[in-house]
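Trainee: Here the protein sequences come in this chain order: H and F. Sequence positions in the first sequence follow this note's numbering and run 1234 to 1436. Sequence positions in the second sequence follow this note's numbering and run 968 to 1307.
Mixed in with the good hints, there may be bad ones.
Dumping the calculated EDC-like pairs for lysine to aspartate or glutamate here, alpha-carbon to alpha-carbon at most 16 Å [unchecked claim]:
hint, chain 1, residue 1, chain 2, residue 2
1, F, Lys985, F, Asp1079
2, H, Lys1410, F, Asp1270
3, H, Lys1411, F, Asp1270
Some, not all, of what chain H presents toward chain F, calculated at C-beta under 10 Å [as the list claims (entries may be wrong)]:
hint, residue
4, Val1262
5, Phe1286
6, Leu1291
7, Val1292
8, Val1293
9, Val1296
10, Gly1297
11, Ala1300
12, Thr1367
13, His1370
Don't read these hints as lab results, they were simulated from the structure. Ideal placement from N, C-alpha and C gives every residue a C-beta, glycine not left out.
Spelled out, the chains give:
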Amino acid sequence: MIVEALAFYMFAFIAVAAGVLVISSKNPVHSVLFLILAFFNAAGLFVLLGAEFLAMILVVVYVGAVAVLFMFVVMMLDINFTQLRSGFLQYLPLGALIGLILLAEMVVVAGGWQSISAGAQMAKAVAPIIEGTTNTHALGGLIYTHNVYLFQAAGMILLVAMIGAIVLTHRRRDGVKKQRIADQNARGTDTVETRKVEVGKGI
Amino acid sequence: MVEAWNSWIWPTVWIVIKILVIVVPVLLSVAYLTLAERKVIGAMQLRKGPNIVGPFGLFQPLADGAKLFLKEMIIPSGANPGVFILAPCVTFALALIAWAVIPFGEGLVLADINVGILYLFAVSSLGVYGILMAGWASNSRYAFLGALRSAAQMVSYEVSMGFVIITVLLCVGSLNLTAIVEAQRDLWFVIPLFPMAVIFFISTLAETNRHPFDLPEAEAELVAGYNVEYSGMAFALFFLGEYANMILMSGMTTVLFLGGWLPPLDIEPLNWIPGPIWFAAKIAFCLFIFIWVRATFPRYRYDQLMRLGWKVFLPLSLFAVAVVAGVLLTFGWLPTPVAG
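Bound conformation, chain F alone:
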């Protein structure tokens, strides 16, 4: 009995606790990200934003959540019920499982796997399925067009994102996220690889279907895109998944370019602050830029979006891979010796 407890039951319980410790803060930050977005955009447009429910509108996310939870979920008669219900679940689950490999601090990671960055890349590339399935299963023109746009857009921007990740990996010599952060102890990659960081951030905007690339849900032409037919909790899952993806992409940017949990300089007052707080602060900074971009730029036209992805970012990032590899090889800065 004791052996079973030690070798089977307790590890299972422990990993469930660890998962909860990650998932609950992520969901809370998703809830408050929606409030932050409305507040920040309100401030940028000289409005107050939500300020009625609770002090400074702090209970607004709870009220929104309760409203969505209590609403009826309608499945359209022409819809394909199985896929229709599966789609929001897939979106939400994919947005959460990616957090398994994100390092929040030194050693604070659920699964420290060797191919962490590839895992993140794989999960983010799967996000398109939730949207495609929703668009197809809804059996509605608007939803279908939104889903098609989204699929094309996400596949296009993934290519340049992959190349940007390769430039970072060349400087690190490992696919492990903890190793990527540790490699930035002296210098964050945002400084030597600044153009790549910009390309990566813009690609994450397109990958999460955020402004100015929110064509899948362009409300002026497609009503609301792929999620028109969804209501109640199913819609809420899409919404949560989308915002959790934003936070995840900010986390990826932080790990790849902004030095993860490391302080900007390893000096006295700065390194007193614990790593997870630095990590959260950097994510919050990236999220602020996400919202700032939304409040500032008009939506791209579809052909402009495709041109930017394929004709500008793809050649640039491919060129950068060659340049970074060449520089590292010429100056002997390669992190691992060339396999002989």
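Only chain H is shown next, with the shape it has when bound in the complex:
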């Protein structure tokens, strides 16, 4: 138990500290790196909960793909840091207001969860561990068998969003030369001439 508690506090502390550093570090690339550290520690917390599948998926999806794209974009930004800092006080009231609203909402959610009896029972209920199933299997059954229509609906929404993003960014321009692999492969042998060259002689 002691080891588990120590591991929990280590992951939790580093996650929170990394979260603070994400918003406080001056260099945006450092921010992204701290974000990755926070993701890692969240994955560690998942492992402690026994949700090893979610932990791995968190690392694969968020760290391995999403954060790479973040970093890709942030690295190529050409930011003037002094200019960025100058607007800090100007936006401070707005930022503080948004922060306060979020805080109030979280208090309401937590309070409501505590005060409603059904909520309190739900919070107390431990996730049932079914004997002989891994959590990969349990999640699979839940998503692909019991809630397959919701899963399909989520997939459709993502597909529509993807098509929308492509339509919005795709431009057709004239005069752009493109390689057409199929045309090249379909080209006959008449465009190339092969010759046997004798040693010591040219063509």
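Given chain H, work out where chain F should sit, using these hints.
Mentor: Chain F in isolation, oriented as in the chain H frame:
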């Protein structure tokens, strides 16, 4: 005191011993892989390869290592020092931690976790960070361009690799690496899933930035890519990490398609040979193909690389997932019953 020894100290010491037993052979094989690569390519090009240091050049890796170790490590004045030093460490550490879940033989595995293959996939997808960080922190154009190329390439090929892994998982019904190997006792997956094995191997070439996909370090256009500014031990860590990744990817191919530690046929003389030796032999075979490919093919152009990843491998492997799932369902060959 005795209780503390039994429950705390000895398990810690024991796990450190187990880690050393895995890491030291991996590092030794990395050192000798560099020699093997030079020897094999030498033989393919009708040269002798390194043959001066020691008998048959066998001490060449030690000489190279000593040279790199004694060289000065220079941090460029324009570089971001923290990230600059962190990058090679990340590359090297990621190349080593993946070995924790690889089964070398029956029960010979450091951590036999339920989601072993996902862990391997996650670690290999993190490899891109070492390169990205190196490219950005160097504050140099060549290094930066190399890092960008590498990031795009690794992210692209990971997608099709994921789908290939899914086809294997459909046939196994578990994410545990030992279970994956055990499922191949009668038939290695390379036979029924041969096209997938080929796609997987080519994707591992791209994932490890090896020829013919070594665009991140294309020496003709980018000098040496993301590691131009590195010298001495930092460069050596990149080098070690890259070669350890090659061995790891060969190990992954072996576990997924070549039956891990199992002999090809379960008959008399073949099953006398212990499992770890079969495993090592299969890894050596995959590594030979890595080197063979390097000696044979010219480098891909960048748009061709992207086309291969997104327009050829991705649709093919996605299609294969549907086909494999359909076949397994139709003939009732699913390893676990459909959850009801």
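Trainee: Looking at the structure, which of the earlier hints fail to hold?
Mentor: none
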